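Chemist: Starting from the given sequences, assemble the full structure and let the hints guide the process.
Protein chains in written order, with the numbering used here: chain S, 1 to 330; chain G, 1001 to 1336.
In short, the hints are calculated from the structure, not lab data.
Errors might be hidden in some of the hints.
As the list claims (entries may be wrong) - Quick partial rundown of chain G residues pointing at chain S, CB under 7 Å, derived from the structure:
#1 T1112
#2 G1120
#3 A1127
#4 V1133
#5 D1325
#6 R1335
Stated by the list, open to error - Rough simulated footprint, nothing fancy, chain G against chain S, three-plus residues with beta-carbon under 8 Å:
#7 76-89
#8 229-242
Every value quoted in this text rests on a predicted model; they were computed, and no experiment measured them.
C-beta: ideal position from N, C-alpha, C; glycine also.
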Amino acid sequence: MAELTGTISYREAVAEGIAREMRRDPTVVCLGEDIGAAGGVFKTTQGLLEEFGAERVWDTPISEQAIVGAALGAAMTGIRPVAEIMFSDFLACCWDYLANEIPKVRYMSGGQVKVPLVIRTANGGGLGFGAQHSQAVENWALTIPGLKIAAPSTPADVIGLMAAAIRSDDPVIVFEHKGLFASRGPRPPEGHVVELGRAAVVREGRDVTVLALAATVPTALAAAERLAADHGVSAEVIDLRCLIPLDMTTVLESVARTSRLVTVEENPHQGGWGGTVVSLVVEEGFELLDAPVRRVASANVPLPFADVLENEVIPTVDRVVAAVRSVVDY
Amino acid sequence: MSQSAVREAMVNEGAELLAMYERMAVIRRTEKAAYDLFLAGLVKGTTHLAAGHEAIAVGASAALRPDDHVFATYRGHHHTIARGGSPEACLAELMQKATGICKAKGGSMHLTYAEGGMLGSYAIVGAHLPMAVGAAWSARLLRTDRIAVAFFGDGATNIGAFHEALNLAQVWRLPVVFVCENNLYMEYTPIRSVTAVENPAYDRAPAYGMAAELIDGNDVIVVRDAVARAAARARAGEGPTLIEAKTYRHYGHSRTDPAKYRPAEEVEAWLKRDPLTIARARLAGLGVPEAEIDEADRRAAELVEAAVRAAKQAPPPDLAEAFTDLWADGGAAWRN
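Modeler: In structure tokens:
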């Protein structure tokens, strides 16, 4: 398990965040492929089986429909399951549950049934896993009314958002980013909860608002440092942290200060979350803007395998710097 | 057993069967009302009527406890009523009324009556089988001896979720009963013509090492006893059971289907084996006077007629209801 003080890695924070909730609520249970004895293929559930036993940490077959379908049935009948879908690409194997079952059970029953369900999954690219193990698919979930969507960028947020997701009586998908697992950050105190739907201003600035999520947050922060050092541009960086609920208040307040907006998304440009956020800014804050909005997103291609090719299509610091300069120089 | 004990057992069995007969009659008449209301333009969307399947829902319910959980398909009117949902609330739901069992947000394909443990009707074929596995799993985790039942059609047996659910239920030895209502047709196509085995559910159970029974789904006593055996196994920790109940639907697949694809002699043979006819014969065999059976029919007719009247008179839903019940806070806000 993670050390008790100081810093904690993002990967350790996943297990720690789940463990904290399992300690306080005996109805929290985990299920998924390789999460028990193996400790998770990304080692994000290490220590859970040892601490909580096989009654609360269930290894499943490779059966994504059964994993999320059973988690849904359990959630409807008094349990708070935390289901792992190993790579977010595999959410497509249980798309029926994501699109048709989980988000609609409460609504189409007229509020008779609640669904306190968490689905966790390793999202995103940058590690050379190829096109079927590298996608950033938060935009898939964003198309479905009835799912809440969290995507933490720091170990503290992993723990805080996991707490909020597990305590929520609504279904929440937590996108953990593969590229962040090794990163470290301060270990939050016991009881740390990050409310769903509250963005964080992670760097204050005057000239431009840069919206980011999960792995694009460190990319945006690195770009902001370079913009300040090399170009004298003061960029404000906002970590959205959740896509649903969406914190438009923080976004619009920031744009009111900076009058310029760049979004940094890892999902493909087509259908990405930036399109939704930008449309709201244009509808509700058009007069706040002094320049066109720019979206930095992944290219509309499957992610290629070679590092140099993958790097060519996903958001990079260079691309963010160029986008920000284009709106600042407009 | 003494003669008087035998007589008492027959009286008790007769009383239970008469109650089941009456519930089946309520379902039959509710389905007929739904059909008539559809023809009158008062039921919108679609309906998948379960007339002919009554013995499965009622027989199974008789073998279950009120706190057990059941999950059904889009053909779920009979299960909802068998679990205590009122015909009035069901018909009001079909007629898009505020008093509908799901506040007019579910419709015919999504009837849910959580108070009676009826945790929903699901319109994506096979999707609810893993959900029943999950409900059985939660019963174990919560240390209750509740069981979960999934009712599904023959068509669901060729869906991946069926196989994933069976495997997981058996591997975890969960208290779940899978009940296949094999009415011989998926939608319009005979299940036999597209399935590699004769009995689409029953023949697959051995592949999962699962206990299975192949039964007459039109005899309410046969269904009750089979589900009672499966429920007892489940509660005793002996794992899941798969029951394939052969039955027949009286109407087509859905509202627009006259079911012309079914051979006339096949339809005739099955209509002779109507679950209500079979139950009547059994009641007579138990010495229940015909007048009492007719009285049960009369009560069922009265209940459904009153339900139709009340549902017709109910108001439409308040427009604000479109924006309630998405989230646990009651609302549907997705942003601030």
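Chemist: With reference to the structure, classify each hint as holding or not holding.
Modeler: Hints, one by one, checked against the model:
1. Evaluation of the T1112 of chain G hint against chain S yields a held restraint, the C-beta minimum of about 4 Å falling below 7 Å.
2. Proximity of G1120 of chain G to chain S holds as hinted, the smallest CB-CB distance being about 6 Å (cut-off 7 Å).
3. Interface restraint check: A1127 of chain G against chain S, minimum CB-CB distance 5 Å, threshold 7 Å, status holds.
4. With 7 Å as the threshold, the beta carbon of V1133 of chain G comes within range of chain S, its nearest partner Cβ sitting at about 5 Å, so the hint holds.
5. Among the interface hints, the one on D1325 of chain G holds; its C-beta lies about 4 Å from the nearest C-beta in chain S, closer than the 7 Å criterion.
6. A least Cβ separation of about 4 Å between R1335 of chain G and chain S falls short of the 7 Å threshold, and the interface hint therefore holds.
7. Counting residues of the segment 76-89 of chain S whose C-beta lies closer than 8 Å to any C-beta of chain G gives 5; at least three are required, and the coverage claim holds.
8. Here the segment 229-242 of chain S counts 0 residues with a CB under 8 Å from a CB of chain G, which misses the bar of 3, and the coverage is violated.
Consistency with the previously given hints fails for number 8 only.
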